[in-house]
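Chain order of the listed sequences is A and B.
Here this note's numbering is used: position 144 in the first sequence is 144, and no number is missing along the way.
Here this note's numbering is used: position 239 in the second sequence is 239, and no number is missing along the way.
It is worth saying that the hints were derived from the structure and are not from the lab.
It is possible that some hints are incorrect.
[As the list claims (entries may be wrong)] Derived list of chain A stretches under chain B, where covered just means 3 residues or more per stretch with a C-beta under 8 Å from a C-beta of chain B:
| id | segment |
| --- | --- |
| 1 | 44-57 |
| 2 | 118-128 |
| 3 | 161-171 |
| 4 | 196-208 |
| 5 | 245-258 |
[As the list claims (entries may be wrong)] Examples of chain A residues lying across from chain B (beta carbon under 8 Å, computed):
| id | residue |
| --- | --- |
| 6 | Ala132 |
| 7 | Phe305 |
| 8 | Asp307 |
Backbone N, C-alpha and C fix where the C-beta goes; we use that ideal spot for every residue, glycine too.
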Amino acid sequence: MSAEATGDMTTGHTSSAAVDAGEIALRHAKIRESMAQSDLDLLIVYSSPLRPFNVHYASNYDLIGDGAFVAISRDRDPILYVSEEWDLERAAAASPIKDVRYSANLAQVAGRMLHQTRSAVAGLDFADGEFAKAVKNEAGREVDNGASVLDRAARRKTPVELSLIREAAALADLGFQHGFDVLVEGMREFELAAEIEFAMRSAGAVDNFGLLSSGKHNRVIGIPTDKTVDAGDLLIFEITPARLSRNDSAQLCRTICMGPANQNISDKHRILQEAMEAGIARVKPGVPLGEVVVAQDEVISRYGFGDYCRPPYMRARGHGFGVGRVDLTSTNKQLAEPGMAMIVHPNQYFPDLGYLALGEMVIVTDSGTERLSRLQPDLYQRT
Amino acid sequence: MASRLARVRQMMRVRNLDALVAYSDMARSGDIAYLTNFHPFDARMPGVALVTPEHLDAIYKVTGRDLIYVNKYVWVEAQSVDFLSGSLADKLAEVTAGRGLKGKAIRVGLTGGTFAPTAFVQGMSDMFAGGEVIAADPLMVGLRRDKSTAERTIIRLAAAKCEAVLSELASAATSGMSETQLAAHADYLCRKAGAQDAEVLFYTAAGANGVWARGHFPFRPAAERPLPNHGSIGVYIALQYHGYWVELSQSLFVGAPRPAQVEAHQLALAAFDEFMSGGVESDSQESDAAATWVHGIGLDRSEAPLPTHTDQTLREGDVVAAHVAVKRGGDVTYFGRPVLVSRPSASLVPPNRTLLASK
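The shape of chain B in the complex, shown without the other chains (with noise of 0.2 Å):
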């Protein structure tokens, strides 16, 4: 935490920076989470950090019973306004006085501006109407980006459990299981890994999920249907462990697989490695035969680098989940792992490479 707001305070001078406000809600609580150990738990339950050059201070939109609980594993001891009525601009008014900071002509920087609440936003504004409030998204956004030693050793720990999930699942999968089985299955093996949360979505050809992917996310949630006889399920699978998100994806041959599906197993994996040793260089790709789509994984689900929506490139040292696609006659074959990029890029852990069947 230490050597996080160091680098923090260092950024905030860089850019000129007198305060930062981080808003983070449930569906993005990677700032607030990164400054305090504070991950939303409810939708209604956004939070706010303030970062000065002497302090940390955070209010999370809690009920004061809650609080007591938060405040055993974050970082700071936090303040709370009631979910339901209270006002997080009022309470950072009231903090930011307290700091001093009221009617200063002070640059405040401001992350999360875009999907916090008009109200807060404008609240925001009003408390630093004698200066003057910035967007700073791109600073949280490249401090997170780099992620520590430490970082990176639990998002080992998590991908390993990923895989380990991964392979249970697979030998555990039958022909005449449900989709919905198959989820409650590998939902219930990330859960007894330890995760936090986990999601369980698949592509299933026939599933109306159209046939190729196109760049665009092809995995949806699980249908009460039965797996596909003799055919394949794309199995995706993100678990939440201390914290931080890892991914991966891998087709499931249901039944014994047969010549052709083994060769679409193979191009799967011939395409990850084509973008492994890419390394720094590789890019999302796509073509009518194969899809690449990278995005960057840590306390937010997807998070920087965005290469396959955005202009964003790859660089060395990024944490990424990076999927291949590959279309072979009327269905798709997937292989997707979390990767440190590199030149040329590496595994997080030693990827199960072998063929997924179920019984």
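In isolation and in its complexed conformation, chain A is listed as follows (with noise of 0.2 Å):
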């Protein structure tokens, strides 16, 4: 079959979901909220250019200086810190946060702030490790980590979040409809990626983490090589655009054959439609995430290729992104909750086929799940 959108993919530059004051209020009553849960009065969100989308969840500022971070506490107003002078003007135009200031010495002015006991700090296993010593020295005690504080308020996204990745998800599938249609034989690797990024880009996406690769045996979806997409060849993909920064990240993966499937390639793909089927099926407020991965291995399994589910093979089964991130492995005890967004991806090796690629944005809703990609869930035949 052809690749066929069952929806309107185009997404407009403009988003509908603004991130404005009121937004990011919302976003600080959450965080507070999980402040209180674990007893802290204040809660630095720090972002070094590692993880520059802690500060942007808590500010809507992105990063492009060494530093940054909103200072969060139960009873104040926040306030924005930038480590770079000549980005405060258009940190303060990008935020809503009122109190946005410039500091040569972030670490010390975190520290300070931390030197008061019921504090902690997120972001700082990302930071340098000078930075984060001149800021435990600074606090002048063992500096807590609030990472899990922060993730726990940003794991169920708020209606603004999942428009926003809603309208990421649509990015998806246009850059994988736009593919799809400009792809022929002869065509190098770094082409199509050019092709798939520019075309959301065009379309309002800011970044994109994309994943592709092709050939007769696939051993890991990979960055787009120079390689030519040859005859024959499975095209595997992972394409995930953001639409105003990693938080507002969707995935969309896929497997493309370059001319007609045979019966194996179909019968292998079938497997993981399965698998993906079951898997989201499972997801639901209340279950624990690892089930939903025991649901997608249980399918492959029946098929034969249990030993295939497992490390190096496989890691997970699905992921989030950015702030509040949860994982789909099989050990994860952690419950799905409404608002969570997630890519839920049965992405397979077969030994005798390489890996196939498919997966897609759910969100959870309160009683099941909300897919967000409109293209099939198919195996796409270039013929």
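Assemble the dimeric complex from its two separately framed chains, guided by the hints.
Below is the structure:
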């Protein structure tokens, strides 16, 4: 079959979901609620360039300097600190937070705040070691890691976040559809990746984590190379556009066969379809996320490929993105909650065929899931 | 790879080091890329390389599945630790024990120790408790600053691609286009040309960027706003090709340029030429009317020499990005290119010096 969308895949540049003062206030309220559960009076939400989306979540500021943090206390107005004086003006314009300040010594400012008891910092694990040491020295005490406090607040998305994730999912569909449309034999992987990324960026994606591999036996979904796409190749994709930041990402996993698929490929792909449907059907509030993995593994094992449902062939059967990310691993006892968003992807290695890819974003609803992709979960054939 | 390792080992001997440990992460991947051709591609996936007089070992924090893929292109059979639960320090301790270094009174150089997690640095101290761990960043900085012929060839290829992207972008730009559309197009051109990664940023006087760079990086992410009608927009493009970063900047005038804009472009070219003619004597300049900022380019987007923000000075053979900005009235005009520092300096590829204007 050819790639066919079952709905309108276009998306405007301007989101209907605004990250305004009300949205940031809602996020801060969730953070404060989480702080209360951990008996915290202050949470510092820190970002280094390695993890810029912490601060974006708490402020709508996209970091381009060395660091920034948002100080959120139970009873005072939040403060956004940036490390670059030259980006202060843009930070103040981008963030609904009213109090935006510059400091040449973020470690000192953060450390002094963390001197108080019942305080914690999220994001320090991704800071430079010397920065982290300076924060702790300035605090004069063992600083508590507040990553789980932030994650707990963020794992159930706000209505605005969910809108942005739906937009990202539409962008992923758009990118895949465009890639399928322009795909020809002889094209290089990076050229195809460029086409996909351009379609999504033109329609409003700010970023993309894209993996694409082609071959007769793919051992990984990797970074696009200069390999040409040849007849009979299987192309496997993970397309992950971000709408405003990595927090608003959605992923789509699909497989394209260059030419008509033989029976073996079709049969194996049907296993993935069955596994994905079983996994998605298991996503319900109150169900441990590990069971979503088990549901997929059971299908794949039933067909005789249980040995390939573990490392190094498989790590996770899905995950979320950015702050509040969840992981679909078989041992995860975390319960699904309404408002969580995640990709369910049974991407599977078969010893005679290599990897096939299939996966879709879902939002957990009160009764089950909302599926975000409008594309059929089929094996796509470029004939 | 062999000649690099030989140079590393030679410098280790000069510094009386028995072993060298290089830590790199996604934001600063140059050292481990230099030693093993691995660029961490996820913030949670740093790596370390261990160099001894006889061996090169690499440990990457990646999944077992990714390791199979990564081992296809890196220069050493690497080992991995799980990117969520694994400890690089523990694995490194295992490897050093396997190399017979455990408990020995040896001198170990560590690069990347300033940004490595404290747990890793502490782990290093513990595993070499019988010896001495010393910061060895200058060793790698010096080696990486001295680009080989092969490295210069790759950087030249990358520079040619970047130059072509800018020219093509200018011909595609139209009045009424938004910054995000322009950025998407530039990103597309970079990737279509084979770039592994790209970053496109802009300077717009009215874009809350601050009117004057004052030696600071003036470019910002694209915003959802139209290109300034009859104004100019500073375009900054960085692309990574075969691991190496190059970058350039230039003002793009929207619509038919006015005489003052033509003059501003000429002034920017003149300032750039002045920098070039200064050769190794050139330095980052700042005045009320013009600014120059310069940094080395290579496996990291910004690496030594860093004359704008440190006391490092240029020397012959440096490969740098040199940007000039000229202020006229309320606007700023840019021109920046990859440069081989010499006497005088030379652009890595002939730059397109024509004024860039949208349709």
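Hint check:
no.: 1; hint: 44-57; result: holds (count 4)
no.: 2; hint: 118-128; result: holds (count 3)
no.: 3; hint: 161-171; result: violated (count 0)
no.: 4; hint: 196-208; result: holds (count 6)
no.: 5; hint: 245-258; result: violated (count 0)
no.: 6; hint: Ala132; result: 6 Å, holds
no.: 7; hint: Phe305; result: 15 Å, violated
no.: 8; hint: Asp307; result: 14 Å, violated
Checked against the numbered hints given earlier, the structure breaks hints 3, 5, 7, 8 and satisfies all the rest.
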